[in-house]
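Spelled out from the first residue to the last, the chains are:
Number of protein chains: 2
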Amino acid sequence: MSYPVRPVAWVRSTRAEPTDDGWDAERAAIELADDVPDEALDGLALFSHVVVIFVFDRARDAPPAPFARHPRGNGAYPRVGIFAQRAKDRPNRLGVSTCRILSIAARRVEVEGLDAIDGTPVLDLKAHIAQFGPRGEVHQPAWVDELMASYFTDPPS
Amino acid sequence: MSYPVRPVAWVRSTRAEPTDDGWDAERAAIELADDVPDEALDGLALFSHVVVIFVFDRARDAPPAPFARHPRGNGAYPRVGIFAQRAKDRPNRLGVSTCRILSIAARRVEVEGLDAIDGTPVLDLKAHIAQFGPRGEVHQPAWVDELMASYFTDPPS
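Just so you know, the sequences run in chain order A and B. Residue 7 in the numbering used here sits at position 7 of the first sequence, and the numbers go up by one each step. Every position in the second sequence, counted from 1, becomes a number in the numbering used here once 1000 is added.
Okay, chain A solo, but in the shape it has when bound (with noise of 0.2 Å):
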């Protein structure tokens, strides 16, 4: 069993390689595919974020990518499953990402936080709404702390 999905979108972005880290770095915008109408981005402005779906299209299914795995396969973080992590290479290969809105022309939404390079088929946007949480005390484990540091803002060198 399975779905279809298409792009309703296309990842414009600074960055053409899948590296990891930095990501603030870049400048990122969203446009629309051809078959999709302006009115589709109605409203978004008024938003202050976007929660963007995309696929990892030129990551590794898994299978035949495994299902649990050292992130970055950095042995120093414990060997965790593939829903315990943010690998692109996952089953379906989908990503999600909340992204800040800096502007909405006309079928081009540029944004601040989009963590795909350019080319990238965009599979839906949902406006972020406040309420969808997270509700409730959040926590994570550690290691996620230390793999997060470099991601939006390198170190300084």
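These are computed hints drawn from the structure, not numbers from a lab. Any given hint could be a false lead.
Unchecked claim - Partner residues are not named here, just some residues of chain B that face chain A (Cβ under 10 Å, in silico): (1) R1027; (2) F1047; (3) V1051; (4) P1066; (5) P1078; (6) R1079; (7) F1083; (8) A1084; (9) R1086; (10) D1089; (11) T1098; (12) I1117; (13) Y1151.
Ideal Cβ positions, reconstructed from N, Cα and C, are used throughout, including at glycine.
With chain A's structure known, arrange chain B on it following the hints.
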């Protein structure tokens, strides 16, 4: 151009029909599909929340569903684009919810706040990582707060 995506898990919920609001009254779990190994969940129990990506498999894709509409078909809300609302009748019919993890047993994650009905195909689970935001100041139009007032908790009757 399209990509095939497949269920990696299934929603088990006490709600069987697609009705609005009051989701906190439901009990829900996510059960791994037969071809996904147990280890895919390793380490997830150390996170408080999980992001669930699913298919609204009983909804209508857009098109034929419209790309702009009044949320819930209610003229009291402004007519906005499909990307400025969370309606289930949308391009690719994808849903994303951030749920609190209640417990994890072998191949089964009990969650709170999953707004998906029984039998819904799940495409991915991602541990919720605080650094993924939203980052910066968050705002949304007033109609959203009105619409969301009873989304999780029904008002006392």
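How the hints compare with the structure:
no. : hint  : result
1   : R1027 : violated, 16 Å
2   : F1047 : holds, 5 Å
3   : V1051 : holds, 6 Å
4   : P1066 : holds, 9 Å
5   : P1078 : holds, 6 Å
6   : R1079 : holds, 7 Å
7   : F1083 : holds, 4 Å
8   : A1084 : holds, 4 Å
9   : R1086 : holds, 6 Å
10  : D1089 : violated, 12 Å
11  : T1098 : holds, 5 Å
12  : I1117 : violated, 16 Å
13  : Y1151 : holds, 6 Å
The structure is inconsistent with the numbered hints 1, 10, 12, although it conforms to all the rest.
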